[in-house]
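Enquirer: Read top to bottom, the protein sequences are chains U and B.
Under our numbering, the first sequence has 108 at position 108, and the numbering climbs by one with no breaks.
To get our numbering, take the position in the second sequence, counting from 1, and add 115.
Treat the hints as calculated values from the structure; they're not laboratory data.
Hints should not be assumed to be uniformly reliable.
To be verified - On the chain U side, residues computed to face chain B include the following (Cβ under 10 Å):
1) F18
2) T28
3) G29
4) S32
5) L46
6) A53
7) K56
8) S58
9) G61
10) Q81
11) V82
12) A91
13) L103
14) F105
15) G106
16) V113
Just so it is clear, CB atoms sit at the ideal spot from N, CA and C, and this is done for glycine as well.
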Amino acid sequence: GNSVTQMEGPVTLSEEAFLTINCTYTATGYPSLFWYVQYPGEGLQLLLKATKADDKGSNKGFEATYRKETTSFHLEKGSVQVSDSAVYFCALTGVGSGNTGKLIFGQGTTLQVKP
Amino acid sequence: DAGVIQSPRHEVTEMGQEVTLRCKPISGHNSLFWYRQTMMRGLELLIYFNNNVPIDDSGMPEDRFSAKMPNASFSTLKIQPSEPRDSAVYFCASRTGTGDQETQYFGPGTRLLVL
């Protein structure tokens, strides 16, 4: 079936450090891939997405590249800020019978950035 | 656009009481999703609607949960009777379509506490 696996958190970094949050997926066909961010006490917000292989999604300094050969969609940022502290969710659109239209989420990775 | 609107934002109730959560999707969106988020189970899709019709309710935990979408601008999720294990954050999300329009937009959530 379709599934998403993220690296376990929490990830704790100092301000201006480089960030990588790993995400790998299992899916039949060609799903679209997403990163959502959830700030404390809020709902999820779309951070970036990629709809086909080798696409790069980017937003607010974050980037992720759709790698079909490694079934990965790792999130990166060159210099994190305290305001980036949040929970990050990797997700894919379901493909195949019974899955169309669904978002399949990973378990979320908490990022804590210290000044 | 006001985004997805949920009410109430917080609900505290006693075991056995009926709870009704409300959602107004973004105007023009034709798909609506209800999710539940807990520390133990993460984000779970409960049910989703396309054009007001329930498409997949396999995530609804049990008969105590029911969801309706009487029109394109309103949906409810009802729990009757409520139990302490129903305590969670419930999110509503909406989406305009498929393909490149498949991004889901989340509401701020309803924080439910059942005592």
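Enquirer: The structure should be examined with respect to each hint, and the outcome stated for every one.
Expert: Outcome of the hint check:
| no. | hint | result |
| --- | --- | --- |
| 1 | F18 | violated (26 Å) |
| 2 | T28 | violated (17 Å) |
| 3 | G29 | violated (13 Å) |
| 4 | S32 | holds (6 Å) |
| 5 | L46 | holds (5 Å) |
| 6 | A53 | violated (15 Å) |
| 7 | K56 | violated (16 Å) |
| 8 | S58 | violated (15 Å) |
| 9 | G61 | violated (20 Å) |
| 10 | Q81 | violated (23 Å) |
| 11 | V82 | violated (22 Å) |
| 12 | A91 | holds (9 Å) |
| 13 | L103 | holds (6 Å) |
| 14 | F105 | holds (5 Å) |
| 15 | G106 | holds (8 Å) |
| 16 | V113 | violated (21 Å) |
Hint violations for this structure: numbers 1, 2, 3, 6, 7, 8, 9, 10, 11 and 16, all remaining hints satisfied.
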